[in-house]
Amino acid sequence: SETFAFEEQASPVEQMEPERGAPVVMPGVEEAGQAAASWINIPWEGRQGGFFADFFITVRMVLFQPGEFFARMPIRGGIMSPLVFAVLVGSIGLCFSIFWPLLWGLTRGGSGLGEWMPLMFGSSMSDLGPLSSFRLGQVFILLASVPFMVVIGLFIYSLFTHFLLILVWGNKSGFEATFRVLSYVMAGYIFNIVPIIGGLVSGIWMIVLQVIGLSQAHGIGVLRVLFAILFLPFILLLLIAVAFIGLLGLIPLLLWG
Numbered sequence: 036s037e038t039f040a041f042e043e044q045a046s047p048v049e050q051m052e053p054e055r056g057a058p059v060v061m062p063g064v065e066e067a068g069q070a071a072a073s074w075i076n077i078p079w080e081g082r083q084g085g086f087f088a089d090f091f092i093t094v095r096m097v098l099f100q101p102g103e104f105f106a107r108m109p110i111r112g113g114i115m116s117p118l119v120f121a122v123l124v125g126s127i128g129l130c131f132s133i134f135w136p137l138l139w140g141l142t143r144g145g146s147g148l149g150e151w152m153p154l155m156f157g158s159s160m161s162d163l164g165p166l167s168s169f170r171l172g173q174v175f176i177l178l179a180s181v182p183f184m185v186v187i188g189l190f191i192y193s194l195f196t197h198f199l200l201i202l203v204w205g206n207k208s209g210f211e212a213t214f215r216v217l218s219y220v221m222a223g224y225i226f227n228i229v230p231i232i233g234g235l236v237s238g239i240w241m242i243v244l245q246v247i248g249l250s251q252a253h254g255i256g257v258l259r260v261l262f263a264i265l266f267l268p269f270i271l272l273l274l275i276a277v278a279f280i281g282l283l284g285l286i287p288l289l290l291w292g
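Position in the sequence shown counted from 1, then plus 35, gives you the working numbering.
Worth double-checking, as some hints may not be accurate.
Said to hold, decoys possible - Computed spacing ranges between beta-carbons, pair by pair:
hint : residue 1 : residue 2 : range
1    : Ile231    : Leu265    : 22 to 32 Å
2    : Trp204    : Ile176    : 36 to 46 Å
3    : Phe266    : Ile176    : 31 to 41 Å
4    : Phe134    : Gly188    : 16 to 26 Å
5    : Arg95     : Ile187    : 25 to 35 Å
6    : Val119    : Pro268    : 25 to 35 Å
7    : Ala278    : Ile176    : 31 to 41 Å
Bear in mind the hints are in silico, worked out from the structure with no lab data behind them. The structure displayed is predicted, hence computed values, not measured ones. For every residue, glycine included, the Cβ atom is placed at its ideal position computed from N, Cα and C.
Use the sequences and the hints to build the structure in full.
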């Protein structure tokens, strides 16, 4: 195969695995051979196959080769590149998660959004007529705000997740590593393209990707990551609820002595 031929011609120095996250430049090697080499940097940050090719190859790797992908992923190098990736793939997924309920509502003679987003606009959109310009304007505003929602949500969730990792002594590689992992995990939103079951598949698979990615990036066990992102939030909520109930019990004592 082409990959085998390249490995036969490469010198021992070229075959040595570089330090994690270090850029690798191999002039003359075909793109297919580069994608097959497990120790080359991730395509999205390598920028050797073109913008769209690197984007779709990276999405495919995250979804179907997460172990290999997160083993390659640099834990340093800035957050801008993974952030742009997250905005692109997250916006695509979220737009479809809005589109399918909207289409379902239209087929039933309503607005679609009126059944599940009345609080965002202050009134039920189903009362505005099936194709009113006002309703369509609200939909366009919602779609235009999707990238900003992705950015804000990603930063908040990354901070919260890293806080959970700190509580279990699992933040060995720093916040940037956590942010980079969760940015690429956003590739799971692409499953929202599939109607009905896409959202469920996306939610489950993104948890799996988080566990694999955070474990690889921080060099910690899978069980510790699972405890941090799945069980620890419930424990914290329980403690907060107990503290709140206890505070409510103290209020009468403070007021009436």
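Taking the hints in turn, this is what the structure says about them:
1. Checked against the given bound of 22 to 32 Å, the beta carbons of isoleucine 231 and leucine 265, roughly 25 Å apart, stay inside it.
2. Checking the proposed 36 to 46 Å range against tryptophan 204 and isoleucine 176 shows it holds: the Cβ atoms sit about 44 Å from each other.
3. Distance hint for phenylalanine 266 and isoleucine 176: a CB-CB separation of about 38 Å, consistent with the stated range 31 to 41 Å.
4. In this structure, phenylalanine 134 and glycine 188 meet the distance hint of 16 to 26 Å, their C-beta atoms being roughly 19 Å apart.
5. Remark: the range hint 25 to 35 Å for arginine 95 to isoleucine 187 is upheld by a beta-carbon distance near 27 Å.
6. Separated by about 28 Å at the C-beta atoms, valine 119 and proline 268 satisfy the suggested range of 25 to 35 Å.
7. At roughly 39 Å, the beta carbons of alanine 278 and isoleucine 176 sit within the given window of 31 to 41 Å.
Hint compliance for this structure: every hint is met.
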